[in-house]
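Top to bottom, those sequences are chains W and R.
All residue numbers for the first sequence refer to the UniProt record's numbering, where the first residue is 1 and numbers rise by one.
All residue numbers for the second sequence refer to the UniProt record's numbering, where the first residue is 1 and numbers rise by one.
Quick caveat, the hints were computed from the structure, so don't treat them as lab data.
Just so you know, these numbers come straight off a predicted model, no measurement behind them.
A couple of the hints might just be wrong.
Copies of the same chain look alike in the list, so a pair counts if it works inside one copy or between any two.
[As the list claims (entries may be wrong)] Subject to a maximum C-alpha distance of 30 Å in a straight line, what follows is the list of computed DSBU-like cross-link-like pairs (lysine-lysine):
| id | residue 1 | residue 2 |
| --- | --- | --- |
| 1 | Lys31 | Lys97 |
| 2 | Lys97 | Lys75 |
| 3 | Lys76 | Lys137 |
| 4 | Lys31 | Lys137 |
| 5 | Lys347 | Lys76 |
| 6 | Lys137 | Lys347 |
| 7 | Lys76 | Lys97 |
| 8 | Lys31 | Lys76 |
This is what each chain is made of:
Protein chains: 2
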Amino acid sequence: MNATIPGALRAAAPVFADAAAAFIAANGFDKPTLVISRDRVAAQYDTLQAGLGQAHIHYAVKANPAPEIIRTLVKKGSGFDAASRQEIELCLGQGAKASSISFGNTIKRASDIAFAHSAGVTLFAADSEAELDKIAKHAPGARVYVRLIVENALADWPLSRKFGCSASSLPALLDHAVAVGLQPYGLSFHVGSQTREAAFWNPVLDQIAPLWHAARAAGHDLQLLNIGGGFPAFYGQTIQAPRAYAAAVMGAIRARFGDVPQIMAEPGRGMVAEAGHIVAEVMLVSRKSEDDLHRWVYLDVGRFSGLAETEGEAIRYQFITRHDGGETGPCVLAGPSCDSADILYEKRPVQLPLALRDGDRIVIRNCGAYTSSYSSIGFNGFPPLDVVVL
Amino acid sequence: MNATIPGALRAAAPVFADAAAAFIAANGFDKPTLVISRDRVAAQYDTLQAGLGQAHIHYAVKANPAPEIIRTLVKKGSGFDAASRQEIELCLGQGAKASSISFGNTIKRASDIAFAHSAGVTLFAADSEAELDKIAKHAPGARVYVRLIVENALADWPLSRKFGCSASSLPALLDHAVAVGLQPYGLSFHVGSQTREAAFWNPVLDQIAPLWHAARAAGHDLQLLNIGGGFPAFYGQTIQAPRAYAAAVMGAIRARFGDVPQIMAEPGRGMVAEAGHIVAEVMLVSRKSEDDLHRWVYLDVGRFSGLAETEGEAIRYQFITRHDGGETGPCVLAGPSCDSADILYEKRPVQLPLALRDGDRIVIRNCGAYTSSYSSIGFNGFPPLDVVVL
Numbered sequence: 001m002n003a004t005i006p007g008a009l010r011a012a013a014p015v016f017a018d019a020a021a022a023f024i025a026a027n028g029f030d031k032p033t034l035v036i037s038r039d040r041v042a043a044q045y046d047t048l049q050a051g052l053g054q055a056h057i058h059y060a061v062k063a064n065p066a067p068e069i070i071r072t073l074v075k076k077g078s079g080f081d082a083a084s085r086q087e088i089e090l091c092l093g094q095g096a097k098a099s100s101i102s103f104g105n106t107i108k109r110a111s112d113i114a115f116a117h118s119a120g121v122t123l124f125a126a127d128s129e130a131e132l133d134k135i136a137k138h139a140p141g142a143r144v145y146v147r148l149i150v151e152n153a154l155a156d157w158p159l160s161r162k163f164g165c166s167a168s169s170l171p172a173l174l175d176h177a178v179a180v181g182l183q184p185y186g187l188s189f190h191v192g193s194q195t196r197e198a199a200f201w202n203p204v205l206d207q208i209a210p211l212w213h214a215a216r217a218a219g220h221d222l223q224l225l226n227i228g229g230g231f232p233a234f235y236g237q238t239i240q241a242p243r244a245y246a247a248a249v250m251g252a253i254r255a256r257f258g259d260v261p262q263i264m265a266e267p268g269r270g271m272v273a274e275a276g277h278i279v280a281e282v283m284l285v286s287r288k289s290e291d292d293l294h295r296w297v298y299l300d301v302g303r304f305s306g307l308a309e310t311e312g313e314a315i316r317y318q319f320i321t322r323h324d325g326g327e328t329g330p331c332v333l334a335g336p337s338c339d340s341a342d343i344l345y346e347k348r349p350v351q352l353p354l355a356l357r358d359g360d361r362i363v364i365r366n367c368g369a370y371t372s373s374y375s376s377i378g379f380n381g382f383p384p385l386d387v388v389v390l
Numbered sequence: 001m002n003a004t005i006p007g008a009l010r011a012a013a014p015v016f017a018d019a020a021a022a023f024i025a026a027n028g029f030d031k032p033t034l035v036i037s038r039d040r041v042a043a044q045y046d047t048l049q050a051g052l053g054q055a056h057i058h059y060a061v062k063a064n065p066a067p068e069i070i071r072t073l074v075k076k077g078s079g080f081d082a083a084s085r086q087e088i089e090l091c092l093g094q095g096a097k098a099s100s101i102s103f104g105n106t107i108k109r110a111s112d113i114a115f116a117h118s119a120g121v122t123l124f125a126a127d128s129e130a131e132l133d134k135i136a137k138h139a140p141g142a143r144v145y146v147r148l149i150v151e152n153a154l155a156d157w158p159l160s161r162k163f164g165c166s167a168s169s170l171p172a173l174l175d176h177a178v179a180v181g182l183q184p185y186g187l188s189f190h191v192g193s194q195t196r197e198a199a200f201w202n203p204v205l206d207q208i209a210p211l212w213h214a215a216r217a218a219g220h221d222l223q224l225l226n227i228g229g230g231f232p233a234f235y236g237q238t239i240q241a242p243r244a245y246a247a248a249v250m251g252a253i254r255a256r257f258g259d260v261p262q263i264m265a266e267p268g269r270g271m272v273a274e275a276g277h278i279v280a281e282v283m284l285v286s287r288k289s290e291d292d293l294h295r296w297v298y299l300d301v302g303r304f305s306g307l308a309e310t311e312g313e314a315i316r317y318q319f320i321t322r323h324d325g326g327e328t329g330p331c332v333l334a335g336p337s338c339d340s341a342d343i344l345y346e347k348r349p350v351q352l353p354l355a356l357r358d359g360d361r362i363v364i365r366n367c368g369a370y371t372s373s374y375s376s377i378g379f380n381g382f383p384p385l386d387v388v389v390l
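Chain W extracted, bound-state conformation:
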């Protein structure tokens, strides 16, 4: 993948890509640990920003809220997409200006809206009249962007209908925002998590662009197009290089939207996933019966201690062991808890070395996003995923 990263990063990227791996190789760990490199995050920020051009990055804090990563991104000039009061406080605590933070959750506690307003946050997401009413009451006069439901079968993890309003509801919602004293500032959408090719954005942009133009024609002076996240990470399947990907998305937006005053992008996975790896341990290798073709491999990390995104086998991580290169066989992979749902990959078993034994280290690649903060506080007594930020 690095071969297609243009310019100065072509040389630097392999070094950055290896910082976490090098640390893991040089150290011992007595529990599952995410090791993540700030330098690699900073380099990814530069790469994405180079491709995005005029668009401003608002990092999706939920992907990895490690304070050191937030501070690094504050220094780079990033904005922040916050899901809660706590994420706003985190960003402010790491030096972010309130003006760089958007409150992007369409489901906000009233008292959290009031807190954000008092802290100086002026940009809020909404997808319903009731949410607009809450914002109008607790953050009077705020700028709001309305999130739209989109259909996208091309994302690796298409989103549900949980967020966004239907296209037919948009005009009334924009009018309602005006009626309750808010500033309808823009539109937002999400192409779906892990959208591997920029071209996959086109059907979604085709849905949003006419709504954008219609809203402006109806007299709403929209300033902001929030294109959300969806920027992919490398999990084994080919993805487009990040700078070229971002530039292609921006080109597709220009072609459909023309001159948009402000564009905001919210990469989370695309910013941090490749910057970190989880080092874990094989707890057990067994067969359920002697004639079973596949083995069961149990790790000391599972769905409830960091690998939540293996739900439905959606995100398929890559594994590195000291036996790599030797003969392999199919394995069902599972976590360490006494929970029958704590299985990572069963429908599509994973090929792992036949020499793998309990006690062996296993490194899970590109786990910087949506791992540590998902882990349970202590399911089965296991502590949350440990995090080391380099």
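Dock chain R against chain W, hints included.
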């Protein structure tokens, strides 16, 4: 359900059942909170033990590891089924004797086996040669019970094949235990979570009994039948009353196994689920478009903050609001996070009052099991589920 609880508990149960609800009614909460009653847990212990007769209860700590609950059960004379070193330490710290603790996870870290051994735990689960080898090395001479895979289509939540060996592997595993110096002490199985009627155990007992008799005939002096969990809680669908249920299971065991020296039962859900309720708040009520028949109702608690068992809509909780009795309509129910998978019930929508609004309190019944310890440490910045133990 209480109407079928026999004897002295018939009068007492309604009071116990209401302790958490009464506390919730009398107090304000600024975040989602599980309120759970120790008296209700103690009463349930008595009820289950009365039905189980000679069988000894080993509470499945993972269901709810609140220290106060463990201490209550220590005082009642309960044993404990621990999934990890941390759960063993928890039980010891609350006064449990090492001899009352079984290390029931079939996937154990070698150093945790050594810890348990040094702490005086002598009873371990296994379902593979490799695990037996680990136990033999780190807890030499220990008593082991071998877990078997069973098929049971009658549980509300049938278990995967993650735990247990096939029947055909059992003889070799028992022989291997002897060969490595362990004491093959018994067999274990699990009927599946939330097995609502005692009669549903019969097909599983029919699978295990011949294996038990064959192992004894082969010269293994098995002492222990560990019947695991599966004891149900009330989530709206009829369940058999706990004492009658337990007594019926014991009768079915006697009929198939004859005189078993030791029987162990591991209720988790069946011990604590009904002792606690979650008090939560409605964050938003909306429709995706004007002509949608159903509403979306978003709570401040979701799959990543305590309601993990709504995955696949497996456990369907009951909800209490101040509008109950008024007209209702179908709702998709979702959590507060910016995660599209954080939806509780969508395939089978929930009927909730039309008068429901953001800011309304909502009480989720019988949430004492598998909630608090599952919750994430801070996904989206939301704190873990708060717990109040009465």
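Outcome of the hint check:
Taking CA atoms no more than 30 Å apart as the test, Lys31 paired with Lys97 passes between copies only; the shortest distance there is 27 Å, against 36 Å inside one copy. Taking CA atoms no more than 30 Å apart as the test, Lys97 paired with Lys75 passes inside one copy only; the shortest distance there is 11 Å, against 54 Å between copies. Taking the closest pair of Cα atoms, Lys76 and Lys137 never come within 30 Å of each other, the shortest separation being 34 Å inside a single copy and 52 Å across copies. Only between protomers do Lys31 and Lys137 lie at most 30 Å apart by alpha-carbon distance; the minimum there is 21 Å, versus 47 Å within a single protomer.
With identical chains, the CA atoms of Lys347 and Lys76 are never at most 30 Å apart, being 42 Å at best within one copy and 44 Å at best between copies. Taking identical chains as interchangeable, the C-alpha atoms of Lys137 and Lys347 are never at most 30 Å apart, the minima being 49 Å within one chain and 34 Å between chains. With identical chains, the CA atoms of Lys76 and Lys97 are at most 30 Å apart within one copy only, with a shortest distance of 13 Å there and 55 Å across copies. For the identical chains of this complex, Lys31 and Lys76 are neighbours neither inside a copy (32 Å) nor across copies (34 Å), given an alpha-carbon limit of 30 Å.
When the structure is compared with the earlier hints, violations turn up for hints 3, 5, 6 and 8 and for no others.
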